[in-house]
Structure formats: structure tokens, C-alpha cells
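Q: Chains as they are written, first to last, in this note's numbering: chain F, -12 to 297; chain Y, 8 to 280; chain P, 70 to 359.
Check before you lean on any hint, since a few could be wrong.
Stated by the list, open to error - Derived Cβ-Cβ restraints for the label pairs, each shown as a range:
1) F/GLY277 x P/PRO133: 39 to 45 Å
2) F/SER182 x P/GLN116: 45 to 51 Å
3) Y/ASN54 x F/LYS93: 53 to 59 Å
4) F/SER292 x P/ASN176: 52 to 58 Å
5) P/ILE342 x F/GLU258: 34 to 40 Å
6) P/LEU346 x Y/PRO88: 33 to 39 Å
7) Y/LYS223 x F/TYR188: 33 to 39 Å
8) P/LEU345 x Y/ASP243: 56 to 62 Å
9) P/PRO133 x F/TYR149: 27 to 33 Å
10) F/GLY19 x Y/GLU165: 52 to 58 Å
11) F/LYS53 x P/LEU149: 32 to 38 Å
12) Y/PRO88 x F/ILE281: 43 to 49 Å
FYI, nobody ran anything at the bench for these hints, they're computed from the structure.
Note that this is a predicted model, so its numbers are computed, not measured.
For each residue, glycine too, the CB sits at the ideal point set by N, CA and C.
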Amino acid sequence: MEESRIEIKSKKKLGDILFENLTLIFALMIVGLVVFISIEMYIDSAESRERFGLGFIFSSNWDPVKEEFGALPFIFGTIVSSLLALLISLPVSIGAAVFLSEIVHKSVRTPISFLIEILAAIPSIIYGFWGIFVFAPFMRNTVQPILQSTLGFLPFFKGTMYGTGLLTAGIILAIMITPIISAITRDVLKAIPVSQREAAYALGATKWEAIKMALLNARSGILGGAVLGLGRAIGETMAVTMVIGNKAQIMASLFEPAYSMASVIANEFAEASGSLHVSSLIEVGFILFGVTFIINSLARLLIYSVTRKA
Amino acid sequence: MTEETEEIEDKEEIEISEESDKESKIAIQTIDLSVYFDERKGIENINMKVRKNRVTAIIGPSGCGKSTFLRSLNLMHDMTPKARVFGEIFIHGENITNYNSVDMRKKVGMVFQKPNPFPTMSVYDNVIAGLKLNGMTKKSILDEIVEKNLKHSGLWEEVKDRLKSPAVSLSGGQQQRLCIARTISVNPEIILMDEPTSALDPISTSKIEELIFNLKSDYTIVIVTHNMQQAARVSDQTAFFYLGNLIEFSKTRRMFTNPKEKLTEEYVTGKFG
Amino acid sequence: MTAESVLKSPKNLKRRKIMNSVMISLCIAAGFITIVPLIYIFFYTTQSGISSLNLDFFTQLPKPVGEEGGGMANAIVGSLILITIGGIIGIPVGVLSGIYISEYSKNVLSTIVKFITDILSGVPSIIIGIFAYGVIVIPMQRFSALAGGFALGILMIPTVAKITEEMLRLVPQSLREASLALGVSRWKTTLRVVLTTASSGIVTGILLAIARAAGETAPLLFTSFGNVYWQTNIDEPMAALPLQIFTYAISPFDDWHRQAWAGAFVLIFLVFIVNLLVRFVTRNKFSGNL
């Protein structure tokens, strides 16, 4: 293409320019909003950051009366309950995705995936409510005694059985994130061409071997789904608040009550006494925001990398 | 027609291209028209004059740039983010960049490969969509336009009792004639047709071809077709595109009986394509 | 050893077949493990909810602590008001940015917007609550429905934007071209052809966002705060259904638990109906002649 040539560009009408820029402004509002949220939380947590510095993250002392604030127990509770959830949920989600996309007949697939869609939209408060009234007693009376009598030699299953606690929170979170991870796994599997599986069958592969190959090819997308599920678990508030036990401590036993970052904000924010208390809670929120931001970015990039190719 | 008269017409053609006082007989003129998609060439340096009130067919193997050329004539490449158009286009002697694209497209209508009536609108609303979307609401005028244009496109008898039913309930061929009615209802001077019958059955195709023949007296028509018989049947002049270049442009009859270029001959005799 | 020789070796064949059956069975089991707890929660809530539901629930105010009876009328009205405020904020932003992402998607900027929209949808709702607290509660110096609605509005944005984008992308390019070719300007084409064609999909998407916002509790805890009295003034603290469910659920009173189940059922019912609608509309909408 030579420089001297005249490019034909159609003249835009004023209405078009105005409308495109109007939608642009609203689109930029979303970007601005995310930036604004980070700035606001950064500023509002200043008092706490100046007072405690990095020690905020490493101190496990949370005492509103003495105005001593350290977020370690909450970080611990969030990480353990979320990882526990992911550990339980990931194999189940992948299995369920394979079940729905590769094994079950089409006529059954549609209603089941629809059901899972609906269930994934149930408000978290209901999971929490169900958790304290149905699931926690079940844990206390059935699951925890069995675990203690069989695996009780491990530090994770020692101690008093309250029903509520880290393990219960982890399982409830697992129930909540399984629909999300399995839906993404299904999408990613769909993006893997059928021809690949047919080629595997043509070589005499068993069904599972063909599926395994598809799963391996989709692994970065599945990982993306897993990370996305982890992000949801980390930020989940109401269900966790209702079953984790709300005790700021770090214990080895998964039966023990614990606390999460989101829960402490939910429980204490409205009644926080001094400005330092509020500021500390906002700093907890800021950490939570940062962590979920990074995790979600990672997840989206992984998912795009697979689905874009298709 | 004797050879003599044909020669005379040929001469006339040459005269038109050379004499400026006959410019009024030219509907579209392109000068060094090129289209690129990113760095890939779509068409290159097309110089062509489309005559008024004639049917001009554009033929060539798929991927030769015939649709690319057609879509540049009403600046439809606006919708393709990677496309860049170079050169000059004159519509009735007026440089296309002097129009804004909205007004230009009212003069240069387009019928697409697949019938694309608006699915949310009735048959009636589809015919006057161009007017209604631009703010015309007077019912008596609209009623008249609907009847006139449906008659013009040969659809009136078939749909007059179901004007209020959704346009997508019509058959493919009827939908395409509806799209033609929709196009002529905004009173264009030129109609671009991008393989208008490729999605249709033979009977619908012949109805559309008949319609094209009838429209010729009122409109200038440029039709892209992959079907050489169709070009031979409907057009007065034919342009042969190959690999993004205009190989030959002459009277249809000459093109199919006595082409100047070897490549054209090979194509029209079915040696490739 | 090549892949083919492994596949054909008879010694391996039996082991491979057993492996196949085991893994396939495990996948089927995983399918059931996923569905069973979800269905159980659904039916448990429905059962407990329906048996606790009565007219009082919809018409009465909450009774003071310790007294039996009463209802959640104020919370239901409160939720409606909060959702309305949220919708006024969230729907235009969501729809217009969805239009931008789908219709003007030729540049890097729209990719960034899409990415950030995905990120925003993953921000924990409690964080949005803190944001609304900082932006509205602190300057106004009191909890208010406005702050709660604002938070819900932000939460609705990514859902609405995403569904708008997806629905607009389903509209065939040929319809945009048909409209432009008639000499209709781009913005009129977008609003009156593209958006109209996708409208039922977008409307159900909006309903989905509303259903989700209706169940949000965390961002309301320190914005709308809750209220046991009638309150329709949006710069005052206001009750909301999920807030009321939370308060009642963690209380020690059986009668309150009963009412909380009724509330939970109302929320689940809403989610169910909206999803059903979405499924119905999106399936019929684009299977036709487009």
C-alpha cells in the first residue's frame, strides 16, 4: 500500500458519533468504578495501614477493645476454607462436567444442566441457613464422629465436634462452587474439537482414554475454572459467616471454629466502634479485594486462552 | 441482432468512456479502487464504469473479490473492522466522500445473499422499514408505498392477506422479494445485489430474475453472481474478476461468445472456477 | 514403544477396559454428588418455606422480640425499593456498556472493558458494600436505602452488561447491514433493529440480574442496614428480605426460623421462575429463521 493513495472513509453522522461516545462513557464507567473502588479502600484503610504496617497481615491478635488489630486468623480461615472447598469440588466438578458433556444422553443433559444453573443462582444466605439448620447437625452427629474414629490420629480431625467450623464451611463452599467450575469445564470441553476424540477412538482408545485426552488438552481452561471457583469461595460471605463458627483463632483441627475475611467484615462493620476498627476492617476488605482481583484476572486469562482458540 | 449493430453499440460504449458530455449515462465510476483486509488484498486497482439503467453482472470464481467490490460501492466495509478502502468512487458523478454514508445508502440500496428481513417486524413493517426507521409515520402514505412496492416486486398477490404476519413466516424466495421491496421503498437510484438467488430454489430464482428484468427501467442494477447462466440471462454488461483484479469488462453477449482475454474464455467455458 | 503398540497390546487391554469402567462410573457418581445436595437444599427450603408461608407473612410487620406471629411486609417492600434503585443505576450502565462491547468491538479498549467487567463480576459483594458505605453512608452520615440500592446496582452491572453483549452478538450481522443499506444511521440501527431484535433476551437477562440482586445480603448489612418498621423514605435505613432472613435465621426463636424459611422460599421461588423464563426465551428466540 503506497502512502499517496486516498483512503475512502465514510463520513460519520453526528448522531453516530454521539451515540458511540455515550456507550463508551458508560463502558468506561465500569473501568472507572473498579479503579475507584480500589482507591477508596486504599484511602479508607490508611489509619490501619499506618498504625500496623505489614504486621497487620502477620499478627493474630484481633481485639477491638484494646484496639489491637491483626488479620492473620481471617486470612488463615479464608485460605483454608477456600482451598478445602476447591480440593473437594475440583474432582467432583470435572467428573460432573464429563458426565454431562460426554456420558449422559442429550435428552437428559439439558434438564440437568438447567437444574444446576438454577441451583447455582440460589442466594448464599439460603446455603448458610440450610448449613446451620441441616448440614451442621449432620456434620456433628454423623460425619465428624466417623472421621474422628477413623482418621482421628491426624491433627486435622481432633478436638470437639461443634458441627460448625472450618470443615463444614469448606464443604458448603464446595457445594456452592461446584456448579461454577463444572459449567466452565463443560464450556472448555466444548471448545475442544470433536475430531480429536474421534481420532482417539479411531486408534482404538477406550472412552475414558479419549475423554482423558480431551481433558488434558483443556487443562488450562479447567484450571481457569478452578481458579475462578476459588475466587468465589474466597469472597463468599453469608454462607461462610453462618457456618464457620466466627472465632478468630488459628487451629490445626478442621473441626474448630474459625473466621474468614469476609465474615469479620459482615459481622463487625456495622457495629464497629472506633475509626481504627473501621479502618482495620476496610484494610481486611482491601486485602480481600486485591486477592480476588488477582485470582479473577488469572482465571479469566486462562479461560480466554482456551475458548478464544475455538 | 446483426454484427453490424453490435459493432455500433460497441462504438457507443467506447465513446461513453471517452466523452465527458456522456458522463450522465454513468451511474458508478471507480478509479483505482482497492480494498485490503489487514495486509491481505481483497481487490486492487479496479477501474470501472457502470452504466445507468443497465444490469451489470459481476462474475468470477469464489474469493475473486466480486462481493468485496460490490460492498465497497455503498461503503458497507464500514462494518468490517479490518477493511480499508482506497481509491475513488463516483456516484452519478459525485465523489462518494462528499456524501455522508447514510444519505449515500439511500441512493445506493443493497440486496443480500441470504434473505434478511427484520425478524421482529411484520411483512408490512419490513417493506417500509427504511422509511419508518428514519421517522416517517404517516399511515396513508405508508399504506400506498407498501402496496406499490409489493406489487412492483411481484409479491402483492401472495402476501396481501398476511401483511401483519411476521416476515420470517414467508418462504425463502418470498423473503428475498420482500427484501427487494424493502430496498426499493426508500427510492434508491442504484441497487446492489450480492448473489441474491444463491440461497434460493430454481423457481424462486427465476421469479427474482424476472423481477430484476422489470426493475431495469427504473434502476441501475449491479449484481454479483457465481452463476454464469444467470449473468448471461439478466445482465447487459458483465465484469469478470479474478484474484482481486478486473480481468475483463464488456457487453454480456461479447463476454460469453467472444471474450478478449484468454482467462475469461477459460472461465466462461468452465475450464476452472 | 509407540502409542499404537500400547493400544494394541492384549495384556494392556483388560487393564484399560477396567480403568475405563472405573473412571466412567466415578464420573457418573460425580454427577450425582453435584446434583444431590443442590436438589436437597432446594426441596428442603421449598418444603419448610411453603409450610411456614401465610398471609401474615406478606401483610404484617415483624413482631417485637419474643412475640409470636408477624410478617415481613416491610422487608418485601424494602427489597422492591432497593431493587428499583439498583435497577435505575445498574440497567442503563449495563446495557449501554454491553452495547459498546458488542457493537464497537474493533479496538483494544472494548477488550479491556470486557475484561474489567468479568473482574467486577468476581469482586465479592461485601466489598461493594464497603464501597457504597464509603461513597454514600459516610457523607450522608447514616445508613440508607439509597446506599443499599447503589450497592445492588453496581452488582447488577456486570450481569446485565454480559447478557446484553451476548444477546447482541446473537443478532446476525446481516440485519445490521440490511438496516444500514436502507440508509438508516448506525445508532438508529443499533437501537431500533439490533436492540429490538435482542430485546427479549436482554429483558430476561435483566430479570436474572434482578433475581440475583434480590438475594444479596452482604452488601446491605452496613448500607441499607435493616429496619423493623415501615420505611419508604430512601434516605433512611430500610428493611430487606435477605437481611430479615439473616437476622431471623441466627436468632434463637423457632417462630423466627419459621418465618426465615418462608422468606428463603420466596427468594428461591423468584430465582426459579426467572431462570425458567430465561431458559424459555433464549431457547425460542434464536432457533428460528435468523
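Q: With reference to the structure, classify each hint as holding or not holding.
A: Against the structure, the hints come out as follows:
1. F/GLY277 x P/PRO133: 39 to 45 Å: 43 Å Cβ-Cβ, so the 39 to 45 Å window holds.
2. F/SER182 x P/GLN116: 45 to 51 Å: holds, 48 Å
3. Y/ASN54 x F/LYS93: 53 to 59 Å: holds, 56 Å
4. F/SER292 x P/ASN176: 52 to 58 Å: With a Cβ separation near 21 Å, F/SER292 and P/ASN176 fall outside 52 to 58 Å, so the hint is violated.
5. P/ILE342 x F/GLU258: 34 to 40 Å: holds, 36 Å
6. P/LEU346 x Y/PRO88: 33 to 39 Å: holds, 35 Å
7. Y/LYS223 x F/TYR188: 33 to 39 Å: violated, 57 Å
8. P/LEU345 x Y/ASP243: 56 to 62 Å: holds, 58 Å
9. P/PRO133 x F/TYR149: 27 to 33 Å: holds, 31 Å
10. F/GLY19 x Y/GLU165: 52 to 58 Å: Holds - the Cβ-Cβ distance for F/GLY19 and Y/GLU165, about 55 Å, lies within 52 to 58 Å.
11. F/LYS53 x P/LEU149: 32 to 38 Å: violated, 43 Å
12. Y/PRO88 x F/ILE281: 43 to 49 Å: Once the Cβ atoms are compared, 31 Å apart, the range 43 to 49 Å for F/ILE281 and Y/PRO88 is violated.
Violation of the numbered hints given earlier is confined to hints 4, 7, 11 and 12; the remaining hints are satisfied by the structure.
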